[in-house]
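Note that the protein sequences, when read in sequence, are chains A and B.
Under our numbering, think of the first position of the first sequence as 11, with each following residue one higher.
Under our numbering, think of the first position of the second sequence as 87, with each following residue one higher.
In case anyone wonders, no lab produced these hints; they're calculated from the structure.
It is possible that part of the hints are untrue.
[Unchecked claim] Once the Cα atoms are required to be at most 27 Å apart in a straight line, the calculated BS3-like pairs of lysine-lysine come out as:
(1) A:K470 <-> A:K480
(2) B:K244 <-> A:K229
(3) A:K223 <-> A:K337
(4) B:K168 <-> A:K279
(5) A:K279 <-> A:K455
(6) A:K455 <-> B:K168
(7) A:K235 <-> B:K244
(8) A:K282 <-> B:K168
(9) A:K223 <-> B:K244
(10) A:K279 <-> A:K470
(11) A:K470 <-> B:K168
(12) A:K377 <-> A:K167
(13) A:K470 <-> A:K455
[To be verified] Facing chain B, according to a computed beta carbon distance under 7 Å, are these residues of chain A, among others:
(14) E128
(15) T297
(16) A452
In this text the structure is predicted, and so the values were computed from the model without any measurement.
We put the beta carbon where it would ideally sit given N, CA and C, even for glycine.
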Amino acid sequence: MKRNFKLLVFILLLASMLLTSCAQPTQAPVEEPAAEEPAAATGECKDEDRVPIAWSTIEGFYTIAMTELVADFEATHCVKVQVVGIDNSQLYDKQVIEMVGKTGAYDVVNLETAEKAEFAENGFILPFDDYIKAHPEVDYADVAPILADMTTQYKGKIWGLPYYTYTAGYFGRCDLFEDPTEQAAFKEKYGYDLAIPTTWQQHRDISEFFTRKTGDMLKGEPLTKDFYGTGLQAGRFQEIQDELSAFLWSYGGDWLKDDGTVDVENITKALKWYIDLLPFAPPNALTVNYNGVMDSMQDGQIAQTVGFFLDQWPNAVNTEKTVPGAKMCNAEAPENKAYIGGFLMAVSAASKHPNEAMDFVAYISGKEAQSKFSLMGGTTTRMSILTDPEITSEANRTKTGHFATLVKVFESMKDTRSNLFYTPFGAKIYNTLGPTLQAAAAGEKTAEQAVLDLAVEVEKICDGPCPINK
Amino acid sequence: MPSTSMSAPQDSRAEPKKQRRAMSDTWFSVLLILPAMIIIAFFALYPLFYAINVSFRLADLTHGGIQGFVGLENYRTVLFDKFFWQSVGTTLFFTVFAVAIEVILGIFVAFLINGATVAKGLIRSLLILPLATAPAVTGLFWRYLYDTQFGLYNYFLKLAGLPQPNWLGDIDVALWAVIIFDVWLWMPFVALIVLAGLQALPKEPFEAAELDGAPYFRVLRKLTFPMLKPVLFLVIVLRTIDALRLYDAVAVLTRGGPGSTTETMTYYLYRQGLVFFRMDYASTMALLFLYAVVVAALFALRPLLNMFSARAGAR
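This is chain A alone, in the form it adopts within the complex (with noise of 0.2 Å):
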């Protein structure tokens, strides 16, 4: 019995080794697809015949927004949209592991910026070049040029259209601003008038002023509980990143040197001042993201935020609903320096519709969905949309209150290109940002440290200096 019993673990020993050596996965380079005929238009199509297509997006606001326009698009093409809702923390993990297995589960895809060159490097994702040629009605131009070459464009070819950004600018408590007991003291202390601040010295002198302890006047009024002077999404999210960037871009620097190592200095001295910051902003920065920065403003926590996600502006002037008094304003970041980014659609290499998810894409970032989204609270990548007096009236205020805005964070940010988004090595870079920067914010290390933890981290994953391919 033994002896049979130790054959048979050897038998399937065996099998395990061959079976592991047969499956040996690797990376052939991915081969376009087929064209196909275009689904039938709808009128003459039914339920059994229509193509089925599948988007991984972000679960939550950017989803729920997309339900009625995926039922415009499916009025008029012969489709069947499954959008599948991940979380914004696993939704990278999860489309990596669908596109390098090629299983096309998901014919569309939605990548950071940081993620472009990556999937574009790696074969995951089809050109888009020759559809915008035979199809004049995508506007590519109209996409903001900025944002045209940051989230879509990879050694000269384009992988899709943005249908979203969340380039940073600057929420502020206007109220606060304008109470004429805050401006005297402010002045006396400081020698200067208080305002929406456009130098980092002065964001920090009012992130300092404010940050007021329980029974403090605010306003004339003492507070029920603490107030601070700036948010920060100080927890180990990404976010971090995105919010030092701002700082970085002011410095003259970049999270990647053009030769593809770490910019150890002025990452440094960003990171410094970001800690300098940490005293005005709330305890719970350290363990935060937006949501918590956007849950403190509405609480009525925090007087102002740093280079902030524009596209939350509907949340932050929700404030003037939930805290008496309040008026919030939006502006460009301190030294008109903030972070760039938006969400690509991108069609899988590995989908058996590629034309079908190419129309859904150019439809969702299309100037009629486009249109509606923004009303519905999105932001838009479009300038045409960005600058229609329409659709940034003062009725619709609370929707679209900072495009004006978003259109002046685009002029001033028009020649930045960050070495990051132009790596294929960005989307793992950007991975390994947020740990290792929060490292230094939770006082786990000093800056310095963090930095060359960084730099060497990156190093090991790029296995050398970064290759970069703007």
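Knowing the structure of chain A, use the given hints to seat chain B on it.
Just chain B now, kept in the frame of chain A:
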């Protein structure tokens, strides 16, 4: 009779055939366990050997996929990775303190319930509640309880005039916050197992001790705990193995932060494998982890198995 005499030659011819067809006990038992073995081979052995294979290769899924053999390079990289060792340290710290507190509190609660005269069933049912929910769900709930501004814990601490820690944001407190959550989640499990052990103890030795007038703590030391030893041993081993695998509480409560103070081995492994897609490092770490757990479990379980064998022999 004639029919018997007629059939006899046929029977004698059939007998050797039957013998040839008959399966030995050995092969019959192999046949019986074969389905289970196939399932184990497919779901456990195949992935295990696949991981072993990958651990000797260069395997970056987003840059070239699984490539050629690199010998022991991945093992060298992992063993010289300071963040790996940091995560090992965090895991051990968590395991030692979480399991110790769970066991001590669990025993205490089990004794309390065992001595209770009313509502025993209700208390047992309430104890099961934390175990009945997914840690990912309760973890989210606890995340809000721990919040410095909106959380209930700091609200009550403030009311009591006590300092309000930054539970999940302070590098000196965050790991303890995870331990407290784990204790809340798993202490009832320990209590229930110990309670079952207590209720299964024979009454006679305790009655004899009572008649002899033995003091309570002497009874505990000389009778209760020695008789509970197998149960306690088992629960400690089970909790230790589970604590070493800690992932969900960290993922939901702290994501390994602040800094890397709560980054356990499994969370670090997850980041290497499913965020950086370095399957070579992740497989290597997983194998080292598996090896450590198996060796530790074998050493830990051996006395228990010996104890059971000795008891079986005595009977």
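Hint-by-hint comparison with the structure:
1. A:K470 <-> A:K480: holds (22 Å)
2. B:K244 <-> A:K229: holds (25 Å)
3. A:K223 <-> A:K337: holds (22 Å)
4. B:K168 <-> A:K279: Judged against 27 Å, a Cα distance of about 25 Å means the pair holds.
5. A:K279 <-> A:K455: Since the Cα atoms of A:K279 and A:K455 sit roughly 15 Å apart, the hinted pair holds (cutoff 27 Å).
6. A:K455 <-> B:K168: holds (14 Å)
7. A:K235 <-> B:K244: Roughly 12 Å separates the two Cα atoms, so the pair holds.
8. A:K282 <-> B:K168: The given pair, whose Cα atoms are some 24 Å apart, holds under the 27 Å limit.
9. A:K223 <-> B:K244: Between A:K223 and B:K244 the Cα gap is close to 14 Å, so the pair holds against 27 Å.
10. A:K279 <-> A:K470: Judged against 27 Å, a Cα distance of about 23 Å means the pair holds.
11. A:K470 <-> B:K168: Roughly 14 Å between the alpha carbons, so the hint for A:K470 and B:K168 holds.
12. A:K377 <-> A:K167: Since the Cα atoms of A:K377 and A:K167 sit roughly 22 Å apart, the hinted pair holds (cutoff 27 Å).
13. A:K470 <-> A:K455: holds (20 Å)
14. E128: holds (6 Å)
15. T297: With a closest approach of 5 Å, the A:T297 hint holds.
16. A452: Where the cut-off is 7 Å and the nearest Cβ of chain B is about 3 Å from A:A452, the hint holds.
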